[in-house]
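*Asks:* Sequence:
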Amino acid sequence: MGEPSFLSTKQGRKLAYHRTEGRGPWVVFLGGLKSDMQGTKAVFLEEWAKKQGRAFLRFDYSGHGESSGEFTEGCIGDWAEDTAEAVAALTDGPILPVGSSMGGWQALLLARAMPERVAGLVTIAAAPDFTEDGYWAGFSDAQKQTLEEVGHVELPSDYMEPYVITKRMIEDGRDQLVLRSPLALPFPVRFLQGTADTAVSVETAVRLLEHATGPDMQLRLVKDADHRFSDGPCLGLIAKAIDEVEQASL
15 MGEPSFLSTK
25 QGRKLAYHRT
35 EGRGPWVVFL
45 GGLKSDMQGT
55 KAVFLEEWAK
65 KQGRAFLRFD
75 YSGHGESSGE
85 FTEGCIGDWA
95 EDTAEAVAAL
105 TDGPILPVGS
115 SMGGWQALLL
125 ARAMPERVAG
135 LVTIAAAPDF
145 TEDGYWAGFS
155 DAQKQTLEEV
165 GHVELPSDYM
175 EPYVITKRMI
185 EDGRDQLVLR
195 SPLALPFPVR
205 FLQGTADTAV
215 SVETAVRLLE
225 HATGPDMQLR
235 LVKDADHRFS
245 DGPCLGLIAK
255 AIDEVEQASL
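The numbering used here numbers the first residue of the sequence shown as 15 and each following residue consecutively.
Hints may contain errors.
[Said to hold, decoys possible] Computed list of lysine-lysine pairs in DSS-like fashion (alpha-carbon distance at most 30 Å, straight line): (1) LYS48 - LYS24; (2) LYS64 - LYS254; (3) LYS64 - LYS158.
[Unchecked claim] So the derived label-pair ranges between C-beta atoms look like this: (4) ALA156 - GLY36: 19 to 29 Å; (5) LYS65 - VAL164: 26 to 36 Å; (6) GLY67 - GLN157: 47 to 57 Å; (7) GLY38 - PRO229: 29 to 39 Å; (8) GLU175 - PRO229: 34 to 44 Å; (9) VAL57 - PHE85: 17 to 27 Å; (10) ASP147 - GLY228: 13 to 23 Å; (11) ASP147 - PRO200: 37 to 47 Å.
Calculated directly from the structure, the hints in this document are not laboratory data. Yeah, the Cβ is synthetic: ideal placement off N, Cα and C, and Gly gets one too.
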C-alpha cells in the first residue's frame, strides 16, 4: 500500500493521504466517524480507480488514522475544514465525492461549500445531522447532564470501542446541519443504503432524498446490506454508481 504523504493545513493539522493521478473527475473518498483510509471501501476504490486510470484521493481526517490530533479533540466542522483543504490542495478540476456514513454528511457539506467543483455525488449510508438527530435526540436526561458537567459521554458501538462524544461535537454539529435548510445538489446523485443497517436507518435515507433538491437524484436500497456495505456485491454497486454519476454529468 505504501507510506502515506502528509498535507499541512492552515489550521496546523497534518493530514495523511494517498493520491493517484489519472483522468478526472477526481474521485474523493470520505470515510466515516472513527474510520480511516485503510478501510475496505477506500482501498477497493483506489484499486478500482488505478485499473481504470482514474484520479483518486483518500485521506484521514484529523484525529483519525495516521493524521495528527486526537479524535476527542475534533468535530464535524473540523473535519469539514480538513476535507475542503485536502480537495483544494490535492485535486484540480471537477470532483466526485464518495461519502460513507459521516463521510456522507461531509460530502454534502463539501457540495454546499463548493458546488462549482462537484461533477456528481455518491453516498453510502449517509448520516447527515446525526449529532443532533441521533446522539442528542437519543440522550437521556442523565446523559445530557453528564455532557454538560463532564464534557463528554461514552456510547457503545456495534463496530469498535465506545465512541466518546464531546460537548463540542454536539454544539459544533448544530452549525453544520444540512437537513434544516435548503440543500441544492445540482448534479447527478446516487444515495446507497442497506436495509439491515443498524447505524443509519432507511428513514434517514428517505428523509435526505425528500429534503434535497436536484435534477438527477436516486436512492438505491439494498436488501440485507448492513452499515459496512463492504461485501463484493456492495462494492460493485458503489463502483457502478460512480460510473453512472460520471456518465450522467457529461
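*Asks:* Indicate, hint by hint, whether the structure satisfies it.
*Replies:* Status of the hints after comparison with the structure:
{"no.": "1", "hint": "LYS48 - LYS24", "result": "23 Å, holds"}
{"no.": "2", "hint": "LYS64 - LYS254", "result": "15 Å, holds"}
{"no.": "3", "hint": "LYS64 - LYS158", "result": "47 Å, violated"}
{"no.": "4", "hint": "ALA156 - GLY36: 19 to 29 Å", "result": "52 Å, violated"}
{"no.": "5", "hint": "LYS65 - VAL164: 26 to 36 Å", "result": "49 Å, violated"}
{"no.": "6", "hint": "GLY67 - GLN157: 47 to 57 Å", "result": "49 Å, holds"}
{"no.": "7", "hint": "GLY38 - PRO229: 29 to 39 Å", "result": "21 Å, violated"}
{"no.": "8", "hint": "GLU175 - PRO229: 34 to 44 Å", "result": "42 Å, holds"}
{"no.": "9", "hint": "VAL57 - PHE85: 17 to 27 Å", "result": "21 Å, holds"}
{"no.": "10", "hint": "ASP147 - GLY228: 13 to 23 Å", "result": "22 Å, holds"}
{"no.": "11", "hint": "ASP147 - PRO200: 37 to 47 Å", "result": "25 Å, violated"}
Figure legend: structure checked against the earlier numbered hints; hints not met, in rising order: 3, 4, 5, 7, 11.
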